[in-house]
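Novice: Letter by letter, the chains look like this.
There are 2 protein chains.
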Amino acid sequence: MPVYLQIANAFIMSIRKGHLQAGQQLPGTRELAQILGLHRKTVVAAFNELLAQGWITMIPRKGSFVATSLPEVKALRLKKEETTAAFPDKTIFPIRAIGVDVPAWTDNRTGSKLVIDEGLPDTRLAPVTLLLREMRSLASSGVFRKYYQYGSPRGAEDLCETMAGFLHETRGLPITSDHVMITQGAQMGIFLAGSVLIQPGDHVIVGEPGYFATTHSFRQMGAVINRVPVDEQGMNVDAVEALCRRKKIRVVYVIPHHHYPTTVTLVPERRIRLLQLAAKYRFAIIEDDYDYDFHYNSNPILPLASLDHQGHVIYIGTLTKTLAPAIRVGFLVAPKNFIEAATGVRRFVDRQGDTVLEMAIARLYRNGTIARHIRKSVKVYQERRDHFASLLEQKLGDRISFRIPDGGMSIWTKFHAGLLSSIAARAAQKGLKISDGSIYNTPTRQYNSCRLGFASLDLKEQEKAIGLLASVL
Amino acid sequence: MPVYLQIANAFIMSIRKGHLQAGQQLPGTRELAQILGLHRKTVVAAFNELLAQGWITMIPRKGSFVATSLPEVKALRLKKEETTAAFPDKTIFPIRAIGVDVPAWTDNRTGSKLVIDEGLPDTRLAPVTLLLREMRSLASSGVFRKYYQYGSPRGAEDLCETMAGFLHETRGLPITSDHVMITQGAQMGIFLAGSVLIQPGDHVIVGEPGYFATTHSFRQMGAVINRVPVDEQGMNVDAVEALCRRKKIRVVYVIPHHHYPTTVTLVPERRIRLLQLAAKYRFAIIEDDYDYDFHYNSNPILPLASLDHQGHVIYIGTLTKTLAPAIRVGFLVAPKNFIEAATGVRRFVDRQGDTVLEMAIARLYRNGTIARHIRKSVKVYQERRDHFASLLEQKLGDRISFRIPDGGMSIWTKFHAGLLSSIAARAAQKGLKISDGSIYNTPTRQYNSCRLGFASLDLKEQEKAIGLLASVL
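Protein chains in written order, with my numbering: chain H, 1 to 473; chain R, 1 to 473.
A portion of the hints provided could be inaccurate.
For chains that are exact copies, the list does not tell them apart, and a pair is met inside one copy or across any two.
Here are the computed lysine-lysine pairs in the PhoX-like style, where the Cα-Cα straight-line distance is at most 25 Å [unchecked claim]:
hint	residue 1	residue 2
1	Lys464	Lys90
2	Lys433	Lys146
3	Lys247	Lys113
4	Lys414	Lys336
5	Lys62	Lys379
6	Lys113	Lys90
7	Lys62	Lys430
8	Lys464	Lys146
9	Lys414	Lys62
10	Lys433	Lys376
Since the hints were derived computationally from the structure, they do not count as laboratory data.
Model, not experiment: these values are computed from the prediction.
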């Protein structure tokens, strides 16, 4: 801390403690500099700081005085057991306990030394230093400072534009920036798309097994959930058609690449059938393509949204897997009227995102950093997938079964040697955290399976983790 | 850009253009270094980059080759008029057009050179460089890198803890970190509190005039809106009681400091009456204290939430006014069961905030940067308020009327010289943007008034802006 600030803080402390009283005159800067053995400029800077903060007043040709009206500060901190009747543990009035019964999923930074997460990126690889450098460069420019003011709930125009280009190049989406909005991760994309589409009583279709967070979110909006089986080729489209014949379906939610949780890819024939059904039965498809950039065996299959779908597809993606989960940037692609409505919803949810972060990310796209990062990560993760799969094979053998996924960051693993919940509990005792599998279960099915994430562990960490897991099986 | 990256990019360009074909052998690094007149290390670095990105493969003792499976990239960008039938302007299926009819409010970075906003901070003063420095320090530490993984939807524990201390010191709230959640600005606090409290058909009370965004948000949740007058002393509490006698009131939404839009402060007697009514009629109070830190004439009045309210008060605040609107950090304080429910809602809206940003802000609180920034801003804004008020008095005289507010960042101004909408239109032609006042109107009242923000304009800018405004009145 600079010397002048240290001096200013010492004065503030003295004022707070009452050693210096309101209205009391302070020594002159020349005198004080001599006493403290400092340059007078330093003392003047300290006094200017005190003046700027309102602790002192300066009267020309008279000197400096402790201000008479000080902001009153009570420095006392409460301990947990001292909180009063103002904030009891429970409200007197009833509240809606939304989502509190949903089990939390594993994250990657708990107390445990070692975590097999459910498929998260390795944040050690993320180009956050470059990202922060761009943010600093934006923040230090007068031209860009104004972007710290309110902006559009649709996201920074720069990033909408750049994202439209990137999605066009990598996914063949025939779009301009008007079709793009920036969200806080795919989760907000799902929330906004659901809010625009779903009225209480509307029927939606999701996969079985499927992404519990979407199911929960849509149910909160009043949707009736219909589940159709997901097999090795993705969502069963015949089952979708059978449901469409029986009732008015409003939304089909589909994860075309590396379906959550089973990691299968929706095959091209089913994609085309699904679009035909959408046209016939006039439902909206929410295509959650969170894993598109991470494909190892071959090129990924172009999204449904790249085809001639007449506006039936709402396309959702995220950078949280590409960069890091805590960098909350995702996108939603849709016809213009849909983007306007989703923007209207968002305005009253969180107003907007972090414009400067979004502009910095646009720069990382344009200077090639993100494309480079994706290529590098894909190579690293492919090696990790292969290593992890052979470890599972060698160490766990027939006590589990799994299929090597074409991409993504996890292997969907069924456990044959006992209940996953007790396996997870035994692993936790040895310092290894894995999912207990409960979030993948649905009212009709118990899977005794979980996603084992390979991307965030390097080869040594994988060996240690699978070794521990083997020891409790 | 470093030389090795320039070389790598030149190779990528050649591969993309087809000048170098899949499987083709590249010259050796030694040879290439000689041709280019560069150190061999530089060429090796370039090749390693190409390898890492997957553009080439290296075969030991044979050499480097262009990779056979390249990520296919179509570089074509569409122009706006070329978008196809995939994304028409309108969806075929009907959608809920939520919020699209709400007029947008003025922001501070439009095409106009000069903007009188509706009361925004001056982002030129914000300590964003210090904030980004803390973020960089966190990002560069291995220990903190894991915070880029998923964290709690309730916000970074560090910031919850620090915020509890800050709110206890500055506002007398008897709380610990368990009572705090971090939100994306006050807007998300309002959304979450409403989501937890309001069921379709519930009656809520808001001020007339009041904050249109809350009214809109609660109405979207199915609330029946009841308006009670707001006078010079804040919300009319007798009118609240009269409503409570007639119907079951679920929520009273109150802005105790510098009511939006009229900037009045709710007087202490009415605060106490309101708490008594809450206890008697068992309604929840949502206290939106967005402006607490910016008080000029005297100390602010302690919030309702600091009193012995038995959990009736949900307290909301924001840093978006303290730091900058685009830095989306706010807080919600409530009993524990309420915090859990609000966290449950948030998990399925945007999952969580930017953990590293939140931790950096916690550091700025702890090292005194934010307290210092608040003191400095208060001094600057007080001077700007006084200057602005005297300019209004001198230049606009009896064509307007207003009251100097005790704090906040704007002056609620009634226009007597014609319709505000046409005044705003004439000002826009001269390059000055002001609100046309439409967002303050309600179904029952037209105010012909708007908030004139003084905080984001320095004294010279104020003189220019008011001069322009005077010229069109």
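Novice: My question is about lysine 247 and lysine 113: at a cut-off of 25 Å on alpha-carbon distance, are they close within one copy, between copies, both, or neither?
Specialist: neither (50 Å within a copy, 56 Å between copies)
Novice: For the identical chains here, do lysine 62 and lysine 430 meet the 25 Å Cα criterion within one copy, between copies, both, or neither?
Specialist: neither (71 Å within a copy, 47 Å between copies)
Novice: Is it within, between, both or neither when you check lysine 464 against lysine 90 at 25 Å Cα-Cα?
Specialist: neither (44 Å within a copy, 54 Å between copies)
Novice: With identical chains, the pair lysine 464 and lysine 146 could be close in the same copy or across copies; at 25 Å between alpha carbons, which is it: within, between, both, or neither?
Specialist: between (50 Å within a copy, 19 Å between copies)
Novice: Using 25 Å as the alpha-carbon threshold, which applies to lysine 113 and lysine 90: within, between, both, or neither?
Specialist: neither (35 Å within a copy, 51 Å between copies)
Novice: Using 25 Å as the alpha carbon limit, work out where lysine 62 and lysine 379 are close: within a copy, between copies, both or neither.
Specialist: For lysine 62 and lysine 379, the Cα distance is within 25 Å only across copies (22 Å; inside one copy 71 Å).
Novice: How would you label the pair lysine 433, lysine 146 (within, between, both, or neither) given a Cα cut-off of 25 Å?
Specialist: between (45 Å within a copy, 15 Å between copies)
Novice: Within a copy, between copies, both or neither: which one fits lysine 433 and lysine 376 at a CA-CA cutoff of 25 Å?
Specialist: Neither, since 27 Å and 47 Å both go past 25 Å.
Novice: State whether the alpha carbon distance between lysine 414 and lysine 336 is at most 25 Å within one copy, between copies, both, or neither.
Specialist: neither (43 Å within a copy, 37 Å between copies)
Novice: When no copy is named, should lysine 414 and lysine 62 be tagged within, between, both, or neither for a Cα gap of at most 25 Å?
Specialist: neither (82 Å within a copy, 43 Å between copies)
When held up to the earlier numbered hints, the structure conflicts with 1, 3, 4, 6, 7, 9 and 10 and fits the remainder.
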